[in-house]
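A.B. asks: What follows is the residue order along each chain.
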Amino acid sequence: MLIAQSFAHQVQNLRQLITFIQVLESEIQFARTTLPDVILAQAKQCSGDVGTFLGILSTTLQAGTGEPLGVIWGKGLETLSANGFPRAVLEDMRTLGDVLGTSDVSEQVKHLRVLLHRLEQALKLAEEQRDKQTRLWKYLGFSAGLLICLLLL
Amino acid sequence: MMKFLAPTLRMILSQASLTRLEEVRIRLNRPLMIKDARGCVFLSAAGQPCPPLHGYVVNRDDLDRTLQLVTDSSWYAWEQEIQGGYLTLPGGHRVGMGGQAVYSDGRLKTIKNISSLNFRQAREVIGAADPVFQNVMLPGSSRIRSTLIVSPPGCGKTTLLRDLARQVANHGLQVVVVDERSEIASCHRGVPQLDVGLQTDVLDGYEKEIGVHHALRGLGPQVIVTDEIGHGGDATILADIARSGVKVIATCHGDSWETLQRKTWAKGSLEMFELVIILSRRNGPGTIESVLRVNGST
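So the sequence lines, in the order shown, correspond to chains A and B.
FYI, our numbering numbers position 79 of the first sequence as 79, with every residue one higher than the one before it.
FYI, our numbering numbers position 105 of the second sequence as 105, with every residue one higher than the one before it.
Keep in mind that the hints were calculated from the coordinates and are not lab data.
Heads up, the beta-carbon is just placed ideally off N, CA and C, and yes, glycines get one too.
Among the hints, erroneous ones may be present.
To be verified - In silico lysine to any residue, SDA-like type, Cα no more than 25 Å apart, as pairs: (1) B:Lys3 <-> A:Ile56; (2) B:Lys112 <-> A:Ala41; (3) B:Lys109 <-> A:Val109; (4) B:Lys112 <-> A:Ile56; (5) B:Lys109 <-> A:Val99; (6) A:Lys110 <-> B:Glu79; (7) B:Lys112 <-> A:Glu67; (8) B:Lys3 <-> A:Gly64; (9) B:Lys3 <-> A:Val114; (10) B:Lys35 <-> A:Val114; (11) B:Lys112 <-> A:Ala31; (12) B:Lys3 <-> A:Pro68.
To be verified - Which residues of chain B face chain A? A few of them, derived with a C-beta cut under 8 Å, are: (13) Lys3; (14) Ala6; (15) Asn59; (16) Arg60; (17) Gln68; (18) Glu81; (19) Gly106; (20) Thr110; (21) Cys187.
All chains, please: the whole structure from these sequences, using the hints.
C.D. replies: Shown next, in the form of structure tokens:
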């Protein structure tokens with residue numbers, strides 16, 4: 001049952017991450033909002049692992065040390081890594097961190113769209129695995145119930 | 001301005017004794033330099049004036065961290081400013097950039113491989129327009145004369161223009177500043193960082209023609225303030241302002257009214273001005289050489 005729950009958790013995390021990347025894309029493309037502003041606003045809105053990730057980014061950016069965003073982003077990703085994010089997703093996120101904020105709008109949007117595509121694929125896979133696990137545990141539960149009934153008879 | 005410098009540079013400058021800081025020059029692999037009332041000074045790692053060879057050598061990390069802080073880790077948010085060669089920081093301070101140009105479709109797209117940054121401290125001179133204000137705004141009335149400020153570069157045209165905008169707006173007139181190069185109000189994220197008056201709207205980064213038309217249609221100005229007229233299309237813009245019954249205060253490169261009138265672009269452009277102020281640097285920037293009533297102004 002715990003395995004099924006962990007898949008459901010992963011689906012929820014990926015959905016939040018996709019929402020964040022979509023907001024980031026819109027804010028960069030249409031409003032030219034700076035990264036610290038977008039991240040701060042989204043950190044307040046997101047809960048769970050993604051919220052913690054954004055919180056770390058926001059706090060470090062506000063500290064004003066001028067640390068490269070790629071480094072700060074990498075530190076934030078450690079939280080996601082510790083919470084069982086798929087390795088492929090983490091690698092894609094790390095790649096984005098290296099280029100985020102370093103080029104013009106059109107290039108930023110291209111990078112974000114590539115990541116979005118990958119995240120959507122990962123979400124689809126996670127949903128399939130979650131459904132499979134849920135079905136399996138439901139079937140096992142039903143079978144166990146049936147077995148108990150037969151034994152009692 | 002200091003909080004936009006990399007921590008190492010910030011520490012060096014905090015130890016230095018500065019007298020009216022004007023510039024901080026950060027050049028990759030070269031010694032840190034400042035300009036203040038003493039002139040250009042190289043600084044050691046301890047923040048002390050020193051010969052260039054003993055100066056603190058700026059490294060890639062210093063430059064990259066400073067760039068991160070200046071751009072808020074968001075290069076894309078400043079594309080237009082970067083194409084113009086500088087960014088405006090809170091407080092109106094400016095950061096000029098030197099690097100490698102990237103062109104696309106025949107126009108400058110961005111700058112890459114940034115190798116130098118020049119921080120320029122913003123300095124406004126409140127009261128710079130006091131000696132001429134009574135010529136611009138008629139005493140005891142709310143009427144102003146359309147005014148052209150003329151001088152060679154570096155003589156204080158924009159400083160005078162900004163203070164005129166401030167004073168006119170504070171005397172109850174609705175002023176719109178069309179700030180094509182963000183030099184008048186020094187806006188940061190659209191908010192004026194220098195005092196341009198209580199009743200002033202700023203159109204920051206607008207091309208003159210678009211800005212003037214937006215102002216006339218939407219903001220109901222009594223006075224339009226703009227910098228650096230002197231291009232072919234300016235005659236039409238000035239004519240549109242004149243037709244709307246709005247006054248204008250503008251600046252223009254030149255050294256005298258007579259030479260200005262002989263310029264090709266000036267034909268049909270200068271009739272709307274009633275007052276011309278000529279500036280020079282004879283006694284320092286902002287020296288008022290003459291104030292002329294022109295075009296039959298009373």
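A.B. asks: Please go over all the hints and tell whether each is borne out by the structure.
C.D. replies: Hints, one by one, checked against the model:
1. This hinted pair checks out: B:Lys3 and A:Ile56 have alpha carbons roughly 21 Å apart, not beyond 25 Å.
2. Between B:Lys112 and A:Ala41 the alpha-carbon distance is near 30 Å, which puts this suggested pair outside the 25 Å criterion.
3. Restraint check for B:Lys109 and A:Val109: the C-alpha separation of about 16 Å stays at or below 25 Å, so the hint holds.
4. For a cut-off of 25 Å, the pair hint linking B:Lys112 to A:Ile56 is broken: about 29 Å separates their Cα positions.
5. Restraint check: the Cα-Cα separation between B:Lys109 and A:Val99 comes to about 18 Å, which is no more than 25 Å; the hinted pair holds.
6. Taking the CA atoms of A:Lys110 and B:Glu79, the gap is near 17 Å; set against the 25 Å cutoff, the hint holds.
7. With a CA separation close to 19 Å, the supplied pair B:Lys112 and A:Glu67 stays within the 25 Å bound.
8. For a cut-off of 25 Å, the pair hint linking B:Lys3 to A:Gly64 stands: about 7 Å separates their Cα positions.
9. Restraint check: the Cα-Cα separation between B:Lys3 and A:Val114 comes to about 35 Å, which exceeds 25 Å; the hinted pair is violated.
10. Note on B:Lys35 and A:Val114: the hinted pairing is violated, with a Cα-Cα distance of about 46 Å set against a maximum of 25 Å.
11. Among the hinted pairs, B:Lys112 with A:Ala31 is consistent with the structure: their alpha-carbon atoms are about 23 Å apart, no more than 25 Å.
12. Note on B:Lys3 and A:Pro68: the hinted pairing holds, with a Cα-Cα distance of about 16 Å set against a maximum of 25 Å.
13. Among the interface hints, the one on B:Lys3 holds; its C-beta lies about 6 Å from the nearest C-beta in chain A, closer than the 8 Å criterion.
14. The criterion of a C-beta within 8 Å of any C-beta in chain A is met by B:Ala6, whose closest approach is roughly 5 Å, and the hint holds.
15. Interface restraint check for B:Asn59: the shortest CB-CB distance to chain A comes to about 13 Å, outside 8 Å, so the restraint is violated.
16. With a cut of 8 Å, the hint placing B:Arg60 at the interface with chain A is violated, because the nearest CB-to-CB distance is about 11 Å.
17. Given the 8 Å rule on beta carbons, the hint for B:Gln68 holds: about 4 Å separates it from the nearest Cβ of chain A.
18. Restraint check, B:Glu81 versus chain A: the minimum CB separation of about 11 Å is more than 8 Å; hint violated.
19. Interface hint status for B:Gly106: violated, as the beta-carbon distance to the closest one in chain A is roughly 17 Å, over 8 Å.
20. Checking B:Thr110 against chain A: minimum C-beta separation of about 6 Å stays under 8 Å; hint holds.
21. The interface hint given for B:Cys187 is violated, since its Cβ lies 14 Å from the closest Cβ of chain A, which is over the 8 Å cut-off.
When the structure is compared with the earlier hints, violations turn up for hints 2, 4, 9, 10, 15, 16, 18, 19 and 21 and for no others.
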